[in-house]
Each structure stands twice: as structure tokens, then as C-alpha cells.
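Enquirer: Chains A and B, in that order, give the protein sequences. Counting in the UniProt record's numbering, the first sequence runs from 1 upward without gaps. Counting in the UniProt record's numbering, the second sequence runs from 1 upward without gaps.
Derived by calculation from the structure, the hints in this document are not laboratory data. Hints may contain errors.
The calculated label-pair distances, taken between Cβ atoms and stated as ranges, are [said to hold, decoys possible]:
{"no.": "1", "chain 1": "A", "residue 1": "K125", "chain 2": "B", "residue 2": "L147", "range": "39 to 49 Å"}
{"no.": "2", "chain 1": "B", "residue 1": "P98", "chain 2": "A", "residue 2": "T13", "range": "18 to 28 Å"}
{"no.": "3", "chain 1": "B", "residue 1": "P98", "chain 2": "A", "residue 2": "D175", "range": "39 to 49 Å"}
{"no.": "4", "chain 1": "A", "residue 1": "P89", "chain 2": "B", "residue 2": "F9", "range": "42 to 52 Å"}
{"no.": "5", "chain 1": "B", "residue 1": "G107", "chain 2": "A", "residue 2": "S21", "range": "47 to 57 Å"}
{"no.": "6", "chain 1": "B", "residue 1": "P98", "chain 2": "A", "residue 2": "N224", "range": "44 to 54 Å"}
Keep in mind it's a predicted model, so treat the numbers as computed, not measured. By construction, the Cβ of each residue, glycine as well, lies at the ideal position given by its N, Cα and C atoms.
Letter by letter, the chains look like this.
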Amino acid sequence: MLELKNVSAGYGTFQALFDVSLEVRAGEAVAVIGPNGAGKTSLLRVISKVIDLNGGEIAMEGVSLNDVPAHKIIEMGIAHVPEHRRLFPRLTVEENLKMGGFIASARSHFDERLAYVYELFPRMKERRHQLAGTMSGGEQQMCAIGRGLMSGPKLLLLDEPSAGLAPVIVQQVFDLVRRIREEGYTVLIVEQNIQQVLKVVDRAYLLEVGQIKMSGSSRELLENDDVRRAYIGL
Amino acid sequence: MDFPLTDPFFWETVIQGLLFGGVLALLSLGLNIIFGVIDVVWICYAELIMLGMYTIYFLYSDYGVPLPLAMLAGILVVALLGAALHYFIIRPILHTEPINQLLVTGGVLFFLQGFATLAFSVEFRNLGVSFGSIEAGDMYIPTTRLLAFIVSLVAVVGLWLFLKRTYLGTAIRAISQDRDVMPLMGVSPGKIYLVTSALGGGLAGLGACLLVLLYDIHPAIGLTFGPITFMVCVMGGLGNMIGGFIAAFIFAEFIALGGFYAEIEWGYVIAFAFFIVMMFIRPQGILGSKS
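Bound conformation, chain B alone:
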């Protein structure tokens, strides 16, 4: 088989993969920070994104709220949902068996999905916003995807600066290393967990802003993005944000190139096969530590 270096469709595919990778990287951030800091996996993470998408959709389509404001509201709503999820569901069972936290957020997944079906019906909705495409040589790059990619990178850098430069960010990294010593620093662990949960929710809300531009909204959309987000995090090393970032691009390229050589479904098959093989070779993830 010729290596299609001169084929513009090949390069378009690679770039599409890169752009999709940016979105996956953003999606993985919130889940990773929650796990890294609180040691809990939000199985219902993508359902929070789904609720954010509905918030934006209804505010924009039904109430005529300008899109940027609707998106800001979407981020805030999901941040509050994240904080509420921690406060009412996770916190009371934080010190019980880890499997309980996994199961309870799994329960929340189906609760939210069922709730959305009841409230919004199974109808597929589309925001109907398009920014067209950018033409570069023989390639066409959809503007929304490019925008999503740029927003993802900005969010990654912004989060990194927040964690590295601010007192609150430093405390968030510190608490993941030694929770019990935090009160001696004048820090209430409960508060930091709540703030981190709101931050994780906010990142899910930002993910919703991007997905709402790219995909139809329906109650089961979480099932499309939930598993892959989780696997990106696991492959990067659960809780390791840089690892998740790298894994996001690997996954995205597998899917995109699979779609180039065969159908897009093959891309998913190959990507998940790769994930399974990686679990044998490097169960702790690309950048995860051994324990």
C-alpha cells in the first residue's frame, strides 16, 4: 500500500484527528482532576456534559439568550451540579469502600439519563449554528472543530497555570498528596473537595459548550462520550492530566485514521483494541505511577 503522504484527504484526516484529540483532551481534564484530587471516578461525568448541552440549547433556542451567555450559563450550571454531586452523593460515602463511590455515580448516570429522557424526550436536537469551513490548500477544516481545538488548548493551559500559580491551585495539588496534614496549613479539606468538584463540573460544562456545536443533543449522548473519556484518562494514567492529554490525541488519531482506511466504526474498534492491549502492557497508563 502506498503511504499517502501526497494525498490531501490523508492530511485532512490527520488534522481532523488532531482537532478531535483536542476535544477529547478537554473532556478528560475534568474527570482527571476529580480522580487525581478526590480519588473518585465520576462515572456520570458525560451525563453532566449532556445536561450542560441541554442548558445551552434551551437557553439559546427557546429563550433567545445570546450563545456566549447561554454557554457561560451552561458552564455555571454544570459547575453547580458538580459541587452538588460531591456534597450530596460523594461526601457522605467518601470514607467507605471505593467501589461504593463508583457504583453510586453509576446510579447517577442512569438517573440523569432517565431524567433527561422524561424531561426532554428522546428527540435529537441541534443548535443549528455553523461557522462554515476554512480552506487550506486542498483541505477543508470545519471552523467549529478548529474553534473547539483552540478552546481546549486554552483551557488546558489555563488550568495548568491555575494549579501552578494560585494558592487554591497549589492547595488542590497538595491535598492529593497528603490530605490529613491540610488542616495544619489552615485548609479545610472539605472545602477544597467542593471547589475541585465545581472546577471538574465547570470543565464538563466547557466540554458541553464545544460538543453542542459539533453534535446533536439527546439523552443518551453521554454514552457516546463517557466511555471514551474514561478510557483516555485510564490510558494516560488516571489522575495524570498530561498523560490524559497525550492519550486523547493517540485515541483521536486511531479513530480518524481508522475512518480514513476503512469506516469510522473500524477506527473505534482499533482504538479500543489498542486500549485493551495497552492495559496488558502498561496497566498504570502512559504516565501513571506503578502503584
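This is chain A alone, in the form it adopts within the complex:
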């Protein structure tokens, strides 16, 4: 579904990604793990074209994204749930969801998708008229994922959904991710919480200083001694 070939990207003169190649197949959940500053967020940002692609190829379902501007990426079936959730704090939950379904092709499906998101997250229905900025971190994450689903994406990019949340809430967020998977969405997730994320995905890539160092099934990575020593602390 999504394919990256020898992708390089960065911010101005700072290069964040070197020669990154990876693939996400339809129906899969794939994680990109790695330490802080490895370039995980940059990876999702270059897929969304929010940062410039300096080299290589990105393709979605065989169509090159190289010349697609950032605001057209969502029309290619890719929804990006950004780091720190980035909800519109002074819009209500429902207005945030409406923004998720802003693109022309999503508007005629607004009612049905809203009902779907409310069914998936009943809490959001209770809070639909509440300002998004006044909710707890876990609820905001639900709202952010719901907003991502409103465009009817084929692929969902999740950037550190557990970051900044209390341990109990982190567990709930991974349950959310599992449910999204069960709904049949293809997911590319970036996480620092390696042990947890490897339990909900099929495959993973290890990213270190902007380069892919290892890839394999979640089991392979969980059982790899280097990964265990460096990231899981066992």
C-alpha cells in the first residue's frame, strides 16, 4: 500500500532521514520504533509532505507522492494523527471531527462517519459539544484518532499516541490502536513505548539516527537481544 524507497529528508540544512526504505502492506499494522530523536516523527511528516523530501521515492498504492503537496495527501487515503494530538483546543469535539472530514470527498459521508466514530468511542458522543482543549489527554487522543478516521482513510499514520499520558491511560490508548486494527485499517505507528507497541503490530522497523537498523516481525524484534537490552531494559 505504502512504499518508501531510499528516502532522505530534513529541515533546512539538518538532515533527519538517510536512505530510508520501508513498506506497509494493505491490512497490516507496522510500527517504527526507536529512541527519541531517531527521526520517527520526521518519517511520518515526510510521508505527509509536511517536510521536504530531499531524495528517494514515496508511493501510495503505486502512485508517487513526490510531487503531491501536503494538503492533498489526505485525498490519497492517508490520514495523519500528529504528535501531541494537535486538536483545535477552542473548537468542540464535533467541530474537530468536522475538520477531519473537511475534504470534498468526505463531506457527503459526514453523518455516517460521525455515527461510526461515536460508536467506536461513545465517550466522544457524550463530549461532542465540549471544547477539545478542556478534555483529558486520553480523551483528546480518542478525538484525534476519530478526527483521523473522518476522511475515510485507507492508511492511518499514528505519531506517538501514548506520549505524555499517564500509565493507566497509555494502556487504554494501545487498546484503542488494537480496535482500529480490528476495524480493518492499515496502520503505520511510530512509538517510543516499544514493548507495548510490539504487542499490537505485525511488523516493525527499528530507526536509529535517521537510518533503518533492523526490521522484522514483532516477535523477532521482541526477542532480539540488542533490542531488549537497549530499549526494553531486560
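Starting from the known structure of chain A, arrange chain B on it as the hints suggest.
Expert: Coordinates of chain B only, in the frame set by chain A:
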């Protein structure tokens, strides 16, 4: 001093203030939406209104275009001017120091004023349209002022519904809260800024439709309404449209009642003194947030 509750002139003054407040509220809308969304103050806002007034005047007086059509054209012309102002002047320097945007629109103010003087001369022109007065008890209310007031209220409600109900309106509110995340929603920030600028211009054009009925047109008319519009916005909390709405009525009543007890000039003196005092007490404006 007796409180003149039984004096019909007092009540007439209060109502005049209320009606003037409606006009000020409308004038403040466009400036507020531009600031609230793009974070830029159009110092030349009232000069856009001036150009709208000239457009309506010439179409109606010289070309015989029916007044409603001339007004519609005036709104469109100023909406286009607003979009052009953003595209050619603001956009290239949007990411530089905020003071640059202030200075450049200040430059545009004097450019437009100079241009109007050159093109239209300093002559005072009047549309010469009057709808008479409405008599209510012992009071006389000029119909044009009442009309202006009603149009202002309709515009305020219409704008509110647009911002609250439509996708575009929601995007305009969203972009003021987080610009950088907008592309992930499939929204091009540049486009929303352009649309907002056209909307701000359109509101200035609507202001021109009302002012052209009430006042003489001349190249410096912007200086009469520019500062007070700006102060209404600041006192309400720059970018806060509800605050601007309230401030418009406070200002208008100060001016009207000042005129009732002394001369109208005293009304302006008191209103601006009040503004200065308010800047000490509540610099963020009536409904502005602290930052």
C-alpha cells in the same frame, strides 16, 4: 443635575448612540476577523471602505446604476481589494517581524489616500439619498441610521452562522488556533488566508454601503473612521468579535451622550480618554485573553 429620564431628547440621543454603535460594530467585524485569523492588523482598513464608498458613488451618480446593484458592486470590489492586499502585500512578508506588516499596511493607507486625492480630488461628494425619518412619540429616528443598524445586526448574525455552521467557517476558526496542522486536514492555509481576506474586505465593503448613506465622501474619510474602528477592536480584545461588538456600543454611547451634555467633540474626547484608561485597567480588552 436632574437625570433626564423624561426628556425625549435624552432618549433620542441614547437611540442615536445605539444606532451608531451598530455601524461601529459592523466596521469592527472585518478588521477583527483579519486579525483573529491572520494575525495582521490592516491599518488601511478604513481606506478600503473609502474606496468602496467611491465605487458606489460613481456607479450610482455617474453611471446611473441602481443603488442596490452599485452597493453589491462596491462589496465585491472591496472584497477583491482585500484579497489583493493579502496576496500582493501581506503574504510575501507574513513570516517576517509583525511590525513590518503593520508598517506596510500603514504605507498602503497613505498610498490609497494619496491615490484617491489624485484621482477624485478633495471635493466632498454626497450620494443625496434620503429615506426621511421615523417619528416615534416625541423622537425622530433617521431611517438610514435605523437601516444601517439593522443591516449591521444581520451581518453580525450572518457572519456568526457562517463561522459556526459551514466547513469553510469552521476552517477559518481552526486555522487561528493551529495553522501548521491544517494541511493534515487537507486544507491549504494560503487559500484560507486569501478567503478570509476577501471576507474581511467584503465586510469593509458592506461598511461602505452604510457609510455612503450617512456621510459625505472624500479622500480622508478613512481618518474619521479608521482610528475609532481600530480602538473598538482593541477595547473589545483584538480578534475577539463579541468583545468588539460590545465595545462598539460603549464607544458609540460615550460619543452620543457626550454630545448630549456638551458638544459632540466632547463625546470623542471622553470616549478616547475612556479608551486610554481602559488600556491601563484591561490592556487585553474586554473579552481578550491575557496573552
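Enquirer: Give a verdict on every hint.
Expert: Hints, one by one, checked against the model:
1. Range check, K125 of chain A to L147 of chain B: about 45 Å between beta-carbon atoms, so the 39 to 49 Å window is met.
2. Checked against the hint of 18 to 28 Å, the C-beta distance between P98 of chain B and T13 of chain A comes to roughly 26 Å, which is consistent with it.
3. The beta-carbon spacing between P98 of chain B and D175 of chain A, approximately 45 Å, falls within the hinted interval of 39 to 49 Å.
4. Between P89 of chain A and F9 of chain B the beta carbon distance is about 49 Å. The supplied range of 42 to 52 Å therefore holds.
5. Roughly 52 Å separates the CB atoms of G107 of chain B and S21 of chain A, a value that falls within the hinted 47 to 57 Å.
6. One distance hint, 44 to 54 Å for the beta-carbon pair P98 of chain B and N224 of chain A, holds here, with the actual separation near 52 Å.
Comparing the model with each earlier hint shows no violations; every hint is respected.
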